[in-house]
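Visitor: One letter stands for each residue in the lines below.
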Amino acid sequence: MKSDIILSGVGGQGILSIAAVVGMAALENDLYLKQAEVHGMSQRGGAVQSHLRISEKEIASDLIPEGSADIIISVEPMESLRYLPWLSENGWLVTNSTPFVNIPNYPDMEKLLAEIESLPRRIILNADEIARQIKSPRSSNMVILGAASPFIDIPYKSLENGIRKIFGRKGDKVVQLNIDALKAGRDFSETNKK
Amino acid sequence: MEKILLLGAEAIAQGAIDGGMSGIYAYPGTPSTEITEYVQNNKTAIERNLHRLWSANEKTAMEAGLGMSYAGKRAMVCMKHVGLNVAADAFINSAITGVNGGLIVTVADDPSMHSSQNEQDSRFFGKFAMIPIFEPANQQEAYEMAYEGFELSEKLKVPVLLRITTRLSHSRSGIERRPLKPENKLSYPEDPIQFVLLPANARKRYKGLLGLQSLMEQESERSSFNTYYPARNKSIGIIACGISFNYLMENFPDRIFPYPVLQIGQYPLPFTKIEKIVNECEQIIVLEDGYPFVEEMLKGFLDRTNKIKGRLDGTIPRDGELNPDLVAKALGKKVKTGMKIPSIVTNRPPELCAGCSHRDIYNALNETMKEFGKQKVFSDIGCYTLGALPPWNSINSCVDMGASITMAKGAADAGVRPSIAVIGDSTFTHSGMTALLDCVYENSPVTVIISDNAVAGMTGGQESPATGKLEEICIGLGVKPEHVRVLTPLPKYHDEMVKVLCEEIMYDGVSVIISRRECIQTASRTKREQKAKTEEIAK
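If you read the protein sequences in the order shown, they are chains W and V. Its first residue numbered 1, the first sequence is counted upward by one per residue in the numbering used here. Its first residue numbered 1, the second sequence is counted upward by one per residue in the numbering used here.
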């Protein structure tokens with residue numbers, strides 16, 4: 001098995017905790033992993049991405065070649081489109097629909113969503129709203145990861161265990177809120193993917 | 001042994017700790033910061049009480065590292081590529097003095113300038129100093145090179161350079177550790193004048209360094225980091241340096257290369273292996289992340305045969321970071337092309353955080369400067385460099401650490417009035433203090449604004465040695481106390497800030513305005529941590 005994943009968002013939105021959970025889950029399954037992330041200047045509200053690769057075979061490059069990512073997971077809608085050159089022909093795009101507007105020329109929301117809708121394999125969800133509904137407003141990241149989980153070749157239980165390991169020191173309550181968020185995202189995808 | 005997940009930078013730190021390091025010396029700089037931060041938080045490092053606090057700049061770090069080596073212990077010095085320019089005097093001369101305890105200088109280059117002002121290649125510095133260079137392909141090699149680097153340094157009695165690039169530094173993978181070594185005991189150099197570079201002695205030391213070159217090459221010849229992969233098809237031979245080897249492998253799964261490949265991870269270049277691949281193959285493609293360092297050496301000045309291919313002839317772009325697709329194209333392989341980025345996607349450059357104190361000082365400065373005209377503000381390296389972008393457009397320079405003050409001085413010497421410098425607190429103590437002394441010496445009409453957020457903000461909020469001492473430092477350097485002014489940058493004090501800025505700009509001499517409010521990122525992190533602590537106690 002192999003999953004090449006592009007994570008995207010805006011600096012400060014916390015895409016790295018998604019990467020950390022998937023990383024832990026990969027370790028639990030004795031998979032190889034490489035994860036390239038962005039530190040430094042872009043973390044100040046700029047566009048950020050992370051290349052996350054997991055495989056049962058040893059991984060060579062830290063970067064995913066163009067046109068070959070299995071999935072783009074984005075916590076911000078416009079950012080999800082920035083990495084389309086990496087998405088493979090059969091790849092899925094899973095994105096939050098809540099925009100992060102910190103630039104004056106942010107595109108028109110309707111047109112932006114229409115652009116994402118035009119892709120053959122995509123899941124668009126309002127992760128912020130879902131997170132609020134389940135009373136875990138700070139876990140929209142995990143909602144997104146849950147929505148992406150059907151397309152990642154790792155047992156769902158391992159992702160839950162990943163959350164336990166990453167959030168464990170913040171207490172049982174935080175762990176449970178994040179597991180609930182993961183589940184809510186998963187349920188959304190199961191209902192909405194064609 | 002169980003694998004642990006580490007960034008390339010962290011793998012180097014773990015390798016150095018396990019290799020018996022007694023101290024790390026560094027100034028923060030992307031992409032090298034995480035090496036020292038890892039040591040600061042590492043259990044073994046804390047138990048052993050390894051030196052792990054930040055240095056004022058890369059030069060002081062390099063010198064302290066050399067001092068620890070003098071005392072027989074193993075030290076690592078870390079910096080980003082441009083930091084090596086600052087440390088260059090100590091670095092080059094450390095090759096002449098040689099070492100006692102093992103000394104590794106780790107330098108993280110930044111091809112594509114993700115977070116830097118140039119993409120200089122530190123391998124040139126290694127060659128310049130005439131010392132061995134390690135260049136890992138992956139996180140495991142990064143670990144091994146740090147672990148083994150001390151031994152090579154002690155064997156040859158010279159420092160070694162460990163060169164990485166952003167991609168490896170900031171990419172995570174599984175690492176297998178090796179047994180923890182003991183630290184060296186305190187010992188003095190056998191020769192009491194080894195470190196005395198008086199000309200007569202330096203000439204001897206230099207001849208010694210020259211004499212070591214063949215030994216260094218022998219080490220490279222038998223190094224397991226320089227591996228030859230034979231193959232039948234000799235129409236092309238590939239020399240892959242450092243991380244470029246990964247991009248090559250990505251194009252040939254299972255490491256079955258159709259052409260001979262020479263992987264380079266240790267310099268000076270191994271002559272016999274290079275000679276073999278060059279003689280054996282019709283054409284050579286050199287893959288290297290950074291400048292065409294190896295390519296230029298192989299090509300020389302006179303070669304016009306076009307046998308050596310790489311960045312110089314356009315087989316690979318002349319600038320920017322390598323990736324698997326560029327390597328595929330260089331080898332004439334087909335690459336997949338994904339969809340285009342839709343035109344609706346706009347740029348999203350980094351920006352100053354909401355609530356950041358730099359915003360308030362720029363707002364006040366912009367209003368003040370309406371009266372004094374444009375293009376008179378020199379600035380420096382840090383988050384506040386973002387003040388060059390809209391909506392502020394407040395500053396007109398960003399060159400190197402500390403340059404704001406000295407450039408403002410030079411411009412003032414040329415007749416620019418007023419001449420203003422904007423510099424951060426950490427950058428000021430890194431390289432701005434001597435610049436301020438130059439201004440004081442001539443009583444130059446320069447207004448220096450120190451935007452003091454009490455940390456090194458851009459690199460993630462490291463402690464700033466200037467915290468709580470800025471006024472004393474400036475007065476101590478000779479700035480008149482009445483012209484050291486302190487402001488609190490908040491919107492509610494806007495008018496007052498403008499007034500003070502005006503007054504000091506009008507003053508015909510050196511003045512320093514300290515605009516002081518804690519970094520908003522650090523402040524909110526401290527608040528969160530305190531809250532968590534209180535909750536913990538409440539339990």
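Calculated from the structure, these hints are not laboratory results. Watch out, some of these pointers could steer you wrong.
[Unchecked claim] DSS-like, lysine-lysine: derived pairs with alpha carbons at most 27 Å apart:
| no. | chain 1 | residue 1 | chain 2 | residue 2 |
| --- | --- | --- | --- | --- |
| 1 | V | Lys204 | V | Lys157 |
| 2 | W | Lys193 | V | Lys340 |
| 3 | W | Lys183 | W | Lys2 |
| 4 | V | Lys155 | W | Lys2 |
| 5 | V | Lys329 | V | Lys309 |
| 6 | V | Lys336 | W | Lys2 |
| 7 | V | Lys3 | W | Lys165 |
| 8 | V | Lys43 | V | Lys531 |
| 9 | V | Lys234 | W | Lys165 |
| 10 | W | Lys111 | V | Lys43 |
| 11 | W | Lys170 | V | Lys527 |
| 12 | V | Lys531 | W | Lys135 |
| 13 | W | Lys173 | V | Lys234 |
| 14 | V | Lys336 | W | Lys173 |
| 15 | V | Lys234 | V | Lys155 |
| 16 | V | Lys533 | W | Lys135 |
| 17 | W | Lys183 | W | Lys135 |
| 18 | V | Lys3 | W | Lys2 |
| 19 | W | Lys57 | V | Lys43 |
| 20 | V | Lys336 | W | Lys57 |
| 21 | V | Lys3 | W | Lys157 |
| 22 | V | Lys234 | V | Lys334 |
| 23 | V | Lys155 | W | Lys165 |
[As the list claims (entries may be wrong)] Here chain V is said to cover these stretches of chain W; the calculated rule only asks that three of the stretch's residues, wherever they fall, bring their Cβ under 8 Å from a Cβ of chain V:
| no. | stretch |
| --- | --- |
| 24 | 25-34 |
| 25 | 40-46 |
| 26 | 78-88 |
| 27 | 109-118 |
| 28 | 179-187 |
Virtual Cβ for every residue (Gly too), placed ideally from N, Cα, C.
Visitor: Which hint numbers does the structure go against, in order from smallest to largest?
Guide: 4, 9, 10, 13, 14, 15, 19, 23 and 28
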